[in-house]
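Asks: Position chain B against the provided structure of chain A, taking the given hints into account.
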Amino acid sequence: MDITQIIFYFLAAVAVLSGLFVVGSANLVRSVFMFFVTLFSVAGLYVFALADFVALTQVVVYVGGVLVLLLFTFMLSSKNALEGIENIPKNLWASNRIQAIVIATLFMGILSLTFFSIDFENLNWIKAAIAHNNVKLVTDNDIKNIGINLMGRYLLPLEMIAILLMMTLIGAAHIARKEPKG
Amino acid sequence: MIPLQHFLLVGAILFCLGLFAVITRKNAIQILMGIELMINASILNLVAFGKYDKINNTGQIFALFIIVLAAAAVAVALVIILNLYKRAKTIDPNQTDTLQG
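Read top to bottom, the protein sequences are chains A and B. Residues in the first sequence are numbered from 1 upward in steps of one, following our numbering. Residues in the second sequence are numbered from 183 upward in steps of one, following our numbering.
It should be emphasised that the hints constitute simulated quantities derived from the structure, not laboratory data. Misleading hints may appear alongside valid ones.
Here are some of the chain B residues that sit facing chain A, going by a computed Cβ distance under 7 Å [claimed, not checked]: (1) L199; (2) V229; (3) A245; (4) L246; (5) A257; (6) R269.
These figures come from a predicted structure and were not determined experimentally. For glycine and all other residues, C-beta sits at the position ideal for the given N, C-alpha and C.
One chain only, chain A, in its complex shape:
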């Protein structure tokens, strides 16, 4: 077994187990902090899919931004959140947990049945990519290519994302403002 495979399966196991803890833990603060571990290990998995830039963006945006925002909200509404935790029943049958397990397991079964029945090596577009030498290699440095594509081929989606970000900023500031008196 290769060292890269060992690291990949280790990261995958860490991601799944910490995800289980995030989902199953009754303690909100612990699950938020365990979400850090999940996001970091998923970023590691992106590296193994040869997407270094996406992994870095994941670390910067998710771990740096989203999780800090989550913690911030938690602190601002903490009294109530802690009250709610005491009300969570511990047994398996309560709070429609068994239905959720059934739905999630069935969905998982459908998904894995789908992609384990597909022979990816013989799909047309993957065969075409291999034939045209269009597969990323470990030695490639494709960040420059991402930048060129972002400014050329995908310029319209980029501008739409920019407009949407501005709308989000204005909308968030509008919702969060103090109510005018009267």
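Replies: Here is chain B on its own, set in the frame of chain A:
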């Protein structure tokens, strides 16, 4: 080389964990975390398939777009949750069933 199915399997497991969190949790922040988990699983799928597109980089670029969209959605959702807490004094989605005030 790691086969594509294993990436997809990890993605599917993370997605189902997020689904479980969305169904069972009674706290809006934890439901949001479940949604984030599902978004991460879908990004993992995009990135795994993006390995077969070196010239156009579609998978990775749309993974970046999804990350940006998720961050924007989280910002707005957290503002809404804070406002909900200010008005209704609870962030349990089951208890917030009034529309006015």
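Asks: Go through the hint on L199(B) and say holds or violated, using the shortest Cβ distance to chain A against 7 Å.
Replies: Since the shortest Cβ distance to chain A is 5 Å, the answer is holds.
Asks: Per the CB criterion, is A257(B) less than 7 Å away from chain A?
Replies: Cβ of A257(B) sits 5 Å from chain A, so the hint holds.
Asks: Against chain A, is A245(B) within 7 Å by beta-carbon distance?
Replies: holds (5 Å)
Asks: Could you check if R269(B) really has its C-beta closer than 7 Å to a C-beta on chain A?
Replies: violated (10 Å)
Asks: Could you check if V229(B) really has its C-beta closer than 7 Å to a C-beta on chain A?
Replies: The hint holds - V229(B) has a Cβ within 7 Å of chain A, the shortest such distance being about 4 Å.
Asks: L246(B) was flagged as interface toward chain A. Is the shortest Cβ-Cβ separation under 7 Å?
Replies: holds (6 Å)
Violated hint for the displayed structure: number 6, the only one.
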